[in-house]
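Asks: Chains as they are written, first to last, in my numbering: chain H, 218 to 498; chain R, 793 to 1270.
Hint data in this document are derived by calculation from the structure and do not stem from the laboratory.
Wrong hints could be hidden among the right ones.
Straight-line C-alpha distance at most 25 Å; calculated DMTMM-like pairs for lysine to aspartate or glutamate [as the list claims (entries may be wrong)]:
1. K1198(R) <-> D1005(R)
2. K282(H) <-> E1213(R)
3. K1031(R) <-> D443(H)
4. K1031(R) <-> D455(H)
5. K1031(R) <-> E375(H)
6. K1042(R) <-> E223(H)
7. K1042(R) <-> E466(H)
8. K319(H) <-> E375(H)
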Amino acid sequence: MSGRLEVMKTYKLYINGAFPRTESGRSYEIKSHSGEFLANACLASRKDLRDAVVAARAAQPGWAKATAYNRGQIIYRIAEMLEGRADQFAQEISLQTGATAKESLQEVSEAVDLLVWYAGWSDKLPSLAGATNPVSGPFYNFTVPEALGVVGVIAPIEKPLFGFVAAIAPILVSGNTAIALASSSAPLSAISFAEVVATSDLPNGVLNILSGQQSELAPWFASHMDIDGLDISGLAVDQHGTIKEAGVENLKRISSFAETAEPGRILAFMEAKTVWHPIGN
Amino acid sequence: MNFEYAAAPESRSVVKIDPVYGHFINGKWVTGTSHFNSINPATEEVLSSIALGTSADVDAAVKAARNAFDKSWSKLSGRERGKYLFRIARIMQERAREFAVLETLDNGKPIRESRDVDVPLSAAHFFYHAGWADKLEFAGVGTTTTPHGVVGQIIPWNFPLLMLAWKVAPALATGNTVVLKPAETTSLTALLFAQVCQQAGLPEGVVNIVTGDGSTGAAIVNHPGIDKIAFTGSTDVGKLIARAVSATNKSLTLELGGKGANIVFGDAAIDEAVEGIVNGIFFNQGHVCCAGSRLILQENIADEVLEKLKRRMEKIRVGDPLDKNTDLGAINSAEQLAKIHELTAAGDTEGAARWSPNCALPDKGFWFAPTIFTGVTQAHRIAREEIFGPVLSVLTFRTPNEAIEKANNTPFGLSAGIWSEKGSNILWATQQLRAGVIWANTFNKFDPASPFGGYKESGWGREGGRHGLSAYLKGSAK
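Input sequences plus hints: build the corresponding full structure.
Replies: What follows is the structure in structure tokens.
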């Protein structure tokens, strides 16, 4: 240690392209794997979630309307920005989880590569998941997948960066907007990831990031009437039933996934739209 | 000139209805413990006595289905499975007239519709899915070729045989076995279908049919031996089912209610649009989840459309469903008729203007004249709730954005219609509408190759096409 005092970062929420503190004024202490103080993370409230949903809903039509090429480039841009800060992210992962420097750098690399993989799906999956349907009559009939709308994410506790990226990338690439709850015990990676997103031309409100407790916020994600879908991969399996039941009121599409690089993760948060038009003079 | 139509009734001699039916379990007829009557809604004549399925009946059916899945059906190659489905499709075609007359007697829909829509489409569904059985590896992105196992299927009364086909055909093609419950008021064509399974030599227990009411359906939903539930019916019941299975490993698909918007733009071909509006709301007495029940007219053509629509509605022939001239048949049940009366009364109370053509309704049976309400606002119950009857709510708009805003202003998202002669406008509106099926310059078209299903509270999943098939295969999402 030299004589200089380190300037520490305040970790805040990421809502509508800005970094507000939680409206609740609450925080919780994040400690390193070895028990040292790292940061006071925001303990986001139900109201923060609702604010984030408003931002996500407002941003959704514009993001879905962007061309698939454009969405792909922006997701790719996020990968570029993350790559450039790999060492910082690796160090932050190690501090939170106790992973070795090599393991953490590996996690960052995998997160970057997964972003690139999903970026490439933007203008390809609709070709594979859509169809022209040979109906028995003089009609042109086709089916296209469309973004579901606003999707919530309960990100995994483990792998605070990679798990987070694996959840949000497939949701965003199709034109959904998202509100993601970071790993409750290691939220700093997701909050730092917001800084990457903020410099990647992702429109404000497309991705909103909260830190807080799963037990407090997951039920509100499930029952919110303006959230269309929910990825609960990060939630313990014994809680899935309660959350799914709470999501029934607006027939929320709720899924969890075992695989990370999987087109099914994109399709789980898309709707198929079928269009009929007569053929004739 | 005034055209008079002489009655042209279809003969009912082609069908033989037993006085009492049991359940079809493990390839055999099982006598029920108690029964309820199934009536002809056009005459209130008792057609037959139907067994009320108990949880013991459901349990026997699930055991039969599990046994068939383990011992016979999952051991068969896709090619052989497909051949059974082709057989079923052919037998349904051979017995088409029988199915059509029976459907019309039991449901009340015009013979013209059961003969030209329900029955041929049902056979087509089996023929289409038969061809998938040995090609499952091409079924799509994110699916496996592994069936769920035993599938519980609960179907509605509006298209009894067609909904059976939508459910059973993909389930069998993918290698699942089935426990199916037809709707309480319309069991007869499902029971005739059981005979088709016997004629096709389908292995015992692959298709099991347990008749009954909501309690029978609940026994299916809650049975631990069932791997997947597929339901078509009301959004309320769909939510009950979703809650019931939320903490289980059961997979679930739902086809629920709708409040379809049928938008007519100022540049539409008006005469064609009027035909489409009539088809959209009066097809099958409006007992259609995807009915175009909210007509949204651009203001500059609203008067012209309404005048032509009323003139056209005066030509709708309401009456004997077996008469080949009939356009609008009987309401399926006294209960449904009461619901239509209740909602239309709310339309009067809330200030909308009701209009019906002057048409005589039969004395016996359940009938409701084709009806439109004008002056409807988005707050009116008749603009928000599914009436499921021959009742159209008319709203107007000035700008295309306003039309989309009104069309999407509903928790439902099953269908929508667009009438316009401008291609770019049609494609724009198609993109903006939050609904699973969009009919542009047509309405109420269905095909086994074409995925059908809803956004938002209209359901989970699709039926038909590659998308519908995938619901019966295990996927990567849990």
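Asks: State for each hint whether it applies.
Replies: Hint check:
no.	hint	in the structure
1	K1198(R) <-> D1005(R)	violated, 36 Å
2	K282(H) <-> E1213(R)	holds, 24 Å
3	K1031(R) <-> D443(H)	holds, 17 Å
4	K1031(R) <-> D455(H)	holds, 21 Å
5	K1031(R) <-> E375(H)	violated, 33 Å
6	K1042(R) <-> E223(H)	violated, 54 Å
7	K1042(R) <-> E466(H)	holds, 19 Å
8	K319(H) <-> E375(H)	holds, 17 Å
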